[in-house]
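Undergrad: Full structure from sequences and hints, please.
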Amino acid sequence: MIGLCLGLAGVVWAQLPVSSFTLAWNHTVEKIRWEEDYRVTEQGLVLEQARIRGSGAGMEIPQDARLENGSWHYQRQLPPLQPLSLGRAPEAGDYQLCFDDACHWMSHWVGPPNRQQAFIALWPCTSD
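The numbers in the UniProt record's numbering rise by one with no breaks, and the one at position 15 of the sequence shown is 15.
Treat the hints with care, as some may be off.
Between beta-carbon pairs, the in silico distance windows are [stated by the list, open to error]:
(1) Ile-61 - Thr-126: 35 to 45 angstroms
(2) Gln-63 - Gln-116: 35 to 45 angstroms
(3) Asp-100 - Thr-126: 11 to 21 angstroms
(4) Asp-100 - Asn-69: 17 to 27 angstroms
(5) Val-46 - Asp-100: 11 to 21 angstroms
(6) Glu-91 - Glu-60: 29 to 39 angstroms
(7) Pro-112 - Gln-77: 31 to 41 angstroms
(8) Gly-56 - Pro-90: 15 to 25 angstroms
(9) Ser-85 - Arg-39: 10 to 20 angstroms
(10) Thr-126 - Asn-69: 15 to 25 angstroms
(11) Gly-10 - Ser-107: 14 to 24 angstroms
To be clear, the hints were calculated from the coordinates, so they are not data collected in a lab. Computed from a prediction, not measured in an experiment: that's the story for all the values here. All C-beta atoms, glycine included, are put in the ideal place defined by N, C-alpha and C.
TA: Encoded structure:
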């Protein structure tokens, strides 16, 4: 079964048996929530849809976005990401991974953001 691995430099820190997930976070300056929906494939993580609840510094709403339930929804045409690299700094707060109708802080699996490990990668992997 394919799932989601979290780690760095190919070293797995945690493995989740999911085929899709939402990555969510709050913008560090504007404090506005962003959400991105991904599908896990053997080729990489496919960004299917994204949402943002407002605009601000470095947060331009794409021209093709549509407003639904207080969030701007849009799609990006990107190749599968392998890996998806994320910066994790204590000042920025943590990301959330949402799946199976629940959201969990990434620190649940890999510990809190810290300066010594300021990045994390997400990639598809198989479980035995």
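Undergrad: All hints are to be evaluated individually against the structure, with a verdict given for each.
TA: Now the hints, each set against the structure:
| no. | hint | result |
| --- | --- | --- |
| 1 | Ile-61 - Thr-126: 35 to 45 angstroms | holds (37 angstroms) |
| 2 | Gln-63 - Gln-116: 35 to 45 angstroms | holds (40 angstroms) |
| 3 | Asp-100 - Thr-126: 11 to 21 angstroms | holds (20 angstroms) |
| 4 | Asp-100 - Asn-69: 17 to 27 angstroms | holds (21 angstroms) |
| 5 | Val-46 - Asp-100: 11 to 21 angstroms | holds (19 angstroms) |
| 6 | Glu-91 - Glu-60: 29 to 39 angstroms | violated (23 angstroms) |
| 7 | Pro-112 - Gln-77: 31 to 41 angstroms | holds (34 angstroms) |
| 8 | Gly-56 - Pro-90: 15 to 25 angstroms | holds (22 angstroms) |
| 9 | Ser-85 - Arg-39: 10 to 20 angstroms | holds (18 angstroms) |
| 10 | Thr-126 - Asn-69: 15 to 25 angstroms | violated (36 angstroms) |
| 11 | Gly-10 - Ser-107: 14 to 24 angstroms | holds (21 angstroms) |
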